[in-house]
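**Q** As a plain string of letters, each chain reads:
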Amino acid sequence: MPLSQPVTPGTVDWTGENPGILLKNPDGTFSAMALFFRVAWSPAGPGQLLLLYGSPNSAESLSGAPNLLLGDNSELADFLIDNFIGKLPAFRDAAPFNALKYQPATAIRASGDPMGHRYTETVACPNTCVELVWENLERPRALELTPDQTGTKEHAMVTLLVPARQAQIIVDGNSLPGEVGTRVQAGFETTTAFLYFAETWIIPEGT
Amino acid sequence: MTRVSVNPGRVEWSGENSGILLENSLDADYATLALFFRIVLSPHGRGDAALVLGAPDADVGWPYAPNFLMTNNQRMMRWIVDGWVRKFSAFRNRPGIESMKWLDLHSICCQPAHLRSRHREKAFGSDIELEMVWSDLGEPVPVEADRSHSPTGEHDMYSVFVEAASASVIVNGTPLPGQVGCRRIFDRTMSTAFLALSNTWVTPSGTGD
Chain Z
1 MPLSQPVTPG TVDWTGENPG ILLKNPDGTF SAMALFFRVA WSPAGPGQLL
51 LLYGSPNSAE SLSGAPNLLL GDNSELADFL IDNFIGKLPA FRDAAPFNAL
101 KYQPATAIRA SGDPMGHRYT ETVACPNTCV ELVWENLERP RALELTPDQT
151 GTKEHAMVTL LVPARQAQII VDGNSLPGEV GTRVQAGFET TTAFLYFAET
201 WIIPEGT
Chain B
1 MTRVSVNPGR VEWSGENSGI LLENSLDADY ATLALFFRIV LSPHGRGDAA
51 LVLGAPDADV GWPYAPNFLM TNNQRMMRWI VDGWVRKFSA FRNRPGIESM
101 KWLDLHSICC QPAHLRSRHR EKAFGSDIEL EMVWSDLGEP VPVEADRSHS
151 PTGEHDMYSV FVEAASASVI VNGTPLPGQV GCRRIFDRTM STAFLALSNT
201 WVTPSGTGD
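Heads up: the protein sequence lines correspond to chains Z and B, in order.
Be aware that the first sequence starts at 1, since it is given in the working numbering, and climbs by one per residue.
Be aware that the second sequence starts at 1, since it is given in the working numbering, and climbs by one per residue.
Calculated from the structure, these hints are not laboratory results.
Among the clues, some could well be false.
Heads up, incomplete: computed chain B residues facing chain Z, CB under 8 Å, no partners named [unchecked claim]: (1) Val6; (2) Ser14; (3) Ser42; (4) Gly45; (5) Pro142; (6) Glu144; (7) Tyr158; (8) Val162; (9) Ala165; (10) Val171; (11) Pro175; (12) Arg188; (13) Leu197; (14) Asn199; (15) Thr200; (16) Val202.
For glycine and all other residues, C-beta sits at the position ideal for the given N, C-alpha and C.
With the rest of the complex left out, here is chain B (with noise of 0.2 Å):
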């Protein structure tokens, strides 16, 4: 095992960045997108946000779709949105990223449920409550990838993802369509339907601003 202890890129972010895509049945693409982040360490601060596209290739955002993005840090995630959410595959040209609507978070409450079997993330704000339920949960998979494995194509990346073998987005008590599915991410066949715990995000040495 050849390592070096410490990398020398420079740390971009640091938290949690969990999620629930939910496909459509007939044609495998996602009819539901949705990010949870609670960030710990950026160089706008820190703050949580709970992005959700229920209709991600609608042009159009909240109330006339589920399309939105809660936060109580707007300048952080415009940086994230920017950086990272655009560059994931899933989220890559989606119409609903460039008009879901940003809204105000409020509050957030968290019921981790031992991380064995479920958790919850619930979000209010707005007149939105959000609820976020991973259940199913399997063993932590420990994550280190390099650009050529990150979801960004651009970074190194670290987590422990817990996979989730079902899950749903609800926004004011009603259900987001959709189910969770599978895709090939980090050499291996995982849900899509994940907590991402203890996510650091690095731009490589030589490759940053």
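One chain only, chain Z, in its complex shape (with noise of 0.2 Å):
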């Protein structure tokens, strides 16, 4: 619930949409993950942003799972590289983090409605087409975060989340193989498929 005190003590680092997809095989480790950015604002300015590792656990990409960085702003996804993709675990560690190349997408669009049984985002480059799907969603939560319950561990952070039961990562027209997990977020059980909306971080006072 807000503080009482309504202006946070600290420094905006970015704001805007934040879901995920990560897909895992049947021994628990990954086998799909995607972030997809829309940044209303940061240092680098606005943009979208999607990251997908079709391959985790391969730096090249394998036969129709790609590894991707695709968006509208290259210096919006060097920023977030820096300092957002590149201090959560999970994505950092893997196998195509260091050999990620960032290319223009053609097309990025969402459709359907978060509040419904559907959400998609699309991105498009001039030889792929990436589809996100989320679906079974479950009522929007809103979050309130101090910096040990987030990925980077340094910033603290406000976000709604839309959890999924069921997602999709479609590249091509091919569903990527797994499924989709659970874990626990500030002592929340939830999915590893999310929407998140609203969602801003911030650097706290002092650091």
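Assemble the dimeric complex from its two separately framed chains, guided by the hints.
**A** Structure below.
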């Protein structure tokens, strides 16, 4: 619940949307990972970015399962890689991270209803079309997390979480393998497929 | 810093809710009130809207006065006008709210220009071309307002405010009257022209229907 002082102490690092889908193999390892960003404000400007690890255990993309970094603002891509994605262990420590190459997207589109049954983000570049699909959506929840509860361990964060019980990562019409799993965030059990809206990352005062 | 990580209240809607409130130079009352909405989540779906009261105390709507609301989701905006806009202090009891013309919004065009100096939203529809421009932008301010600080007095609200030192509202090429001023909100003095990004409204637990 909001603090008694209405202006949060600290500096806004970036704000926007940050949905994702992490699909798992039966042994619990990741089979495919995707994060999407629709940033309304950052020091590198606004923009959109898709990070896809279709082959999370390989620096090189395997057939039909590309590792991609697609967006509409290369400066924003650099900012997020350095200041955010590079601080998330699951993404930073994966094999594709150091081999990622930014490509301009030719089309980026959201559709569906996050308070309905299905929501999608579609991102295309000249040779590939990626569709992220979230289904069987739960009710939205407003979260306020302290740095020890966030992925970077450096930022405070407020966000609006809509968990999905089913999800797909579709590349050129083919679904990547894997299933949605479970995870715990701030003591709350949720899933590895999530929509995050109105998400703000704050560098706490004095750090 | 004491926090409850998961707000137990009911999320109502989320998106952007930027505003330009222009004051008369003579009496500091508002000459023009304008809000821009880009809603990404609500019980009535998603949508965009621009609400303009160029004559907030006139009991007439477009085309007789520049009082109108353009939207591509009327049901959502009826709900937001009734549940939120009417409760904002600048809009409360304004005749223009009752008489504003409801119009279709055909398209919007956003030109954020890096959000370092200037931001522009253009809206087109029903023979109206609306332009809202925020200039001389400041640093983003993170806001978490409980109901005692929230603009409605009823909700928890999370947002990022970017203040503008100057702004204009232009309808079919004609700037609406007034100048950017200051107001007390969130326990500080802030500009009456602002971007409100990542804006989420929550009905506190135990107070909703």
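**Q** List, from low to high, the hint numbers that the structure doesn't satisfy.
**A** The structure conflicts with hints 9, 10, 11, although it agrees with all the remaining ones.
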